[in-house]
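> One letter stands for each residue in the lines below.
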Amino acid sequence: MRTRALLLASAASAAAIIGGWQLGTAATDSLTTAGGSTTTDGSAATDGSTGSSATGSTGDSGTSGSDASAGSSATDAAASSGAATSTSGATDGTYAGTTVSTRFGDAQVQVTISGGAITDVTALQLPDHDGRSVQISNRAASVLQSEVLQAQSSSVSMVSGATYTSSAYLQSLQAALDAAGF
Amino acid sequence: MAFLVHDARHLERPARPFGGGSERSRAGRRLWRVDLLQAAAVASVAVAIALFLAEGGITRFADPGSALTSLGIIAGLAATDLVLVMLLLAARVPLIERAVGHDAAMALHNRLGKPVLSLLLAHGVLLLAGYAIADGVDLVAEAVAIWNLPDLPLAILGFGLFLAVVVSSLVAVRRKLRYEVWHVIHLLVYVAVLAALPHQFSVGGLFAVGTWQWAYWLVITFGTFAAVVGYRVVAPVVASLRHGLVVERIDPVGDQRDGVVSVTMRGRRLAALRATGGQFFIWRFLAAGQWWQAHPYSLSAAPRGDRLRITVRALGDGSASLAGIRPGTRVALEGPYGIFSEASRSRRRLTLVAAGIGVTPIRSLLESATFRPGEATVVLRTQGPAEGWLLDEVRDLCHRRGATLITVPGGRGRGWLTPSAERQGLDLPALVPAVADSDLYVCGPRGWAEGVISEARAAGLTDEQIHHERFDW
Chain A
0 MRTRALLLAS AASAAAIIGG WQLGTAATDS LTTAGGSTTT DGSAATDGST
50 GSSATGSTGD SGTSGSDASA GSSATDAAAS SGAATSTSGA TDGTYAGTTV
100 STRFGDAQVQ VTISGGAITD VTALQLPDHD GRSVQISNRA ASVLQSEVLQ
150 AQSSSVSMVS GATYTSSAYL QSLQAALDAA GF
Chain B
0 MAFLVHDARH LERPARPFGG GSERSRAGRR LWRVDLLQAA AVASVAVAIA
50 LFLAEGGITR FADPGSALTS LGIIAGLAAT DLVLVMLLLA ARVPLIERAV
100 GHDAAMALHN RLGKPVLSLL LAHGVLLLAG YAIADGVDLV AEAVAIWNLP
150 DLPLAILGFG LFLAVVVSSL VAVRRKLRYE VWHVIHLLVY VAVLAALPHQ
200 FSVGGLFAVG TWQWAYWLVI TFGTFAAVVG YRVVAPVVAS LRHGLVVERI
250 DPVGDQRDGV VSVTMRGRRL AALRATGGQF FIWRFLAAGQ WWQAHPYSLS
300 AAPRGDRLRI TVRALGDGSA SLAGIRPGTR VALEGPYGIF SEASRSRRRL
350 TLVAAGIGVT PIRSLLESAT FRPGEATVVL RTQGPAEGWL LDEVRDLCHR
400 RGATLITVPG GRGRGWLTPS AERQGLDLPA LVPAVADSDL YVCGPRGWAE
450 GVISEARAAG LTDEQIHHER FDW
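As they're listed, the protein sequences go chains A and B. Its first residue numbered 0, the first sequence is counted upward by one per residue in numbering that gives the first Met the number 0. Its first residue numbered 0, the second sequence is counted upward by one per residue in numbering that gives the first Met the number 0.
Chain A extracted, bound-state conformation (with noise of 0.2 Å):
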């Protein structure tokens, strides 16, 4: 290769994979603060426009998980019937989270509240765009669950390698916590 072919082969490399590495890492920015609104009536909410779709817009709706909470304690109409008895508030039944979307495909979560504790945790929807994501949803879903019951809270680490599907499953289940009074 001749020199000038060189210098512009740099040139045009660099600017593409640090335009790349920019984009990628404004995207990913928005996908720790797992942002999006939290409808409590998880079937319904189905726009691809929630969660973590690493389009960078998400962002700007400035919920943060945590107070996905301030809107939802009147909703828990969408939950069965069942009668308030834990300290905790929670009614006992069974509550659906949020569908939240991520690129590799949507999570919904669903827990089981009996006697003022989270008694299960079963994931509706996991990503499944891919047989990768699959494999990856499958390990992932399996050690939050245990992880869940362990903690009685959403408030559980990641699992490693699995981010996208732990934080979609984490924000739905947070929802469906809500719902609950939880």
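Just so you know, these hints were derived from the structure itself, not from any lab. Just so it is clear, the structure is predicted and the values come from calculations on it, not from any experiment. Backbone N, C-alpha and C define an ideal beta-carbon position, used for all residues, glycine too. Be aware that a few hints might be false.
Which bits of chain A does chain B cover? Going by a derived footprint, with three or more residues having C-beta under 8 Å, they are [what the hints assert, rightly or not]:
#1 0 to 8
#2 105 to 118
#3 133 to 139
For this one, chain A is given, so just place chain B on it according to the hints.
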């Protein structure tokens, strides 16, 4: 010993004060195209990686498992991109053929095979390790899990085919294979690419529908295949049908026992091919037992009217039986190819050097090249001072156009000249005093040509002045 058969050096006049330099500016434009094409090839790999980084960025490298997986994916993307570059280099795309030349394009194509194979291996190993770490299982268990991914067995088949293609092209292996066997194995590369394609869309979630990455890969993959089909299948078939080339006559050249013949072909509207002296076509003689063999042969005369001519020596299985071809045999053609022609000129003066049957493109180039009397010198390594293939024709052309002709008869010495010429201390600058400020065209056996070229470099010629084409692909 060297013989000055025709001396035209005294005819040279000073360059015109204005109007000169057109060769230089044309060479400048061509070299810009070469540089841009090379930069584009490299940048395409960078763009492939950039598009991957744009989806995920730093999170792709957050933990060891993800980092290995990401590196594995990058290796796979780079390999895929380079395979497409290889296909384009071999697709006879006019833009590439005219700027870089067939010869240089194929040289790069050849050089990329092994690096791509390494990248594909790295792709497999890194992903296996990355997945195993992420899933917390050992490599064997992960290998089983990976095997069950959709389209993965197909992709592994693709890798196997690619391996076969590269191995069959290693010099040591290729020498043992018949050209046709090698060629059939080589065609498997298209199957390999198509077999590898599905897993790129179904396993990594990488090319999710609608993303930039998805669009980019779809466009470059199908663009490349369209170029291959268009320029290697459709264009030759159309040209062959359109020009209806037929063998008109076959004339022995020189001693019958050497098996050298000139084949003159007649066709329709040949001017539309825009072929010039020094270029070559890939010919197929549509006769029983012949049609499936494709021969790359240079024109041995500049195209004139509705006629094309090649001069062929019995080399390889195909050429030997060419003598059995009769007038009236139909001919399919692919081309013209190569920039061993006016297209690569960079200087006013011209030095043409050939050995043996390598005289053929030199003969046609001498006919169609632009030069004024005294500006061109032809040096031929021949059997005798006055005997050599096409020597009469070359001598006539030199007389007519005012070019100097030197023959160096005899067997080859240690360098590119004969032992007697070497003892006399002859070399390229001694034979052609103005060689350092000329375009040098070299055609002959590989080792011999390398001898000429290294002497030219020592005499101060730059790469843009040295033109050499290999035909032993």
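> Now look at each hint and say whether the structure bears it out.
Verification of the supplied hints:
no.: 1; hint: 0 to 8; verdict: holds (count 6)
no.: 2; hint: 105 to 118; verdict: violated (count 0)
no.: 3; hint: 133 to 139; verdict: holds (count 3)
Checked against the numbered hints given earlier, the structure breaks only hint 2 and satisfies all the rest.
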